[in-house]
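Residue numbers (this note's numbering), protein chains in the order written: chain A, 1 to 147; chain B, 148 to 420.
Everything labelled a hint here was simulated from the structure, so no lab data went into it. One or more hints might be untrue.
Stated by the list, open to error - Restraint-style ranges between C-beta atoms, simulated for each label pair:
hint : chain 1 : residue 1 : chain 2 : residue 2 : range
1    : A       : V54       : B       : L325      : 28 to 36 Å
2    : A       : L55       : B       : E257      : 44 to 52 Å
3    : B       : D256      : A       : L55       : 51 to 59 Å
Glycine included, every Cβ here is placed at the ideal spot set by N, Cα and C.
Here's the letter readout for the chains.
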Amino acid sequence: MIGYIKNFVHAYMSTVGFGIIFNAPKHTLIKSGFAGGLGWTIYTLAMNTSDSVVLATFIAAMTVALIGEYLAVTDGNPITVYIIPGIIPLVPGFGLYYTMLSVVEKQFDKVADYGSETFLISMAIAGALVIVLSINTYRRQRQNPAD
Amino acid sequence: MPVSEMICSRKKKLLVISLYAGEIMLKNGAETYRVEDTIIRLCKSKNLPYVEAYVTPTGIFMSMDSKGESQDEIISYIKRIKCRGINLNKIAEVNNFSRNFVEGKIPMDEALPTLKAIDNSRPYSKRIGALAGGGLAAGFFALLFGGNFAVFIAAFIIGSIIRYMMCCLGEMKFPPFLSNIIGGASMTLMAVLFFYIASLMNIFLDVNKVITGAIMPLVPGVAITNAVRDSIAGDLVSGTARTAEAMIIAISIAFGVGSVLKLWFFISGGCLL
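Hey, can you work out the whole structure from these sequences and the hints?
Structure below.
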């Protein structure tokens, strides 16, 4: 339990840091931190139970998208403002860098390894975001079809 | 002024306004569908029956007509986009602007100055961005990947310095490819330096974890995710272009980090990493 709280705090702080790097509006920083922190906590939880990186990332990204959607509706900001800092702890930036480092070092078996994992993780995140967002868009279209 | 000319100039004004709004959004990291949506929404709100927008990360193409398709009054416009970053504040502001404009709260004459003010709005100051942004992001990321307190301190300091440096290079309009190489190389150099300083104080510093944390503000994680998102949404050209961009950023960072690591490996005789 202590481990999860620790993970939450660390992910929260780094999400806020990234929010500042990406120039998120001041009042959204604290809220998008929650998206990042909860997303990462759920990721570690799913990692511990299922031991599959892609599945854990998918569930966590879905959490981030749902939180982002909720905050976007209540605050009237575009959802991008919450999602981009929120998914930061999950994104495979390090994997992509490692893939390219292996290319530079001519270790091609590692390239396949890291490359496929990076691709799968980014697919999982993007898929989760698209699923949540398009369901919401569809719902909104049904509500006012004139739009 | 004849009536037809007045309509024409009003149309052109609307075109320029919506294109400028789209440009600000695209330059600051909005998704492709959002930019297209904003442009079309802005134009349709002033009763134009025919509007088409085609957006890629490197340019915006749009055309519109006041009477409908296949009339001879089509106006088209192309805008080339050269530099892209992420600035969520500007995206939120333009979103607000477009909502108010569509609802008619902002008149046509005030629209362009409002957009200019958004475009010129200042980001967080360099020092806050470096210390709070780069430092927090890098330091806590190092902890997230299982670092201890020494790793946190090292990653915090390196992350702040790198962030400040990248901001300065960005302001000098230094080529992004080169500045990423420099960023990666100097980050690794500092991590190695910290390793020796720590070993003088009898602390073992895990260089790998310091690099893992400090590199996070540089790597294109969001870019690759947005690329896949664009592809899934059907904007295949944008998706491919964004993938290529992410690959090139990753290559330049790997180039910088890898060359310094190799050099260190060579000098220290392969005792570490």
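Hints, one by one, checked against the model:
1. Hint check: V54 (chain A) to L325 (chain B), Cβ distance near 35 Å, so the stated range 28 to 36 Å holds.
2. Against the hinted window of 44 to 52 Å, the Cβ-Cβ separation of L55 (chain A) and E257 (chain B) comes to about 50 Å, which satisfies the hint.
3. The hint said 51 to 59 Å for the Cβ distance between D256 (chain B) and L55 (chain A), and at roughly 54 Å that hint holds.
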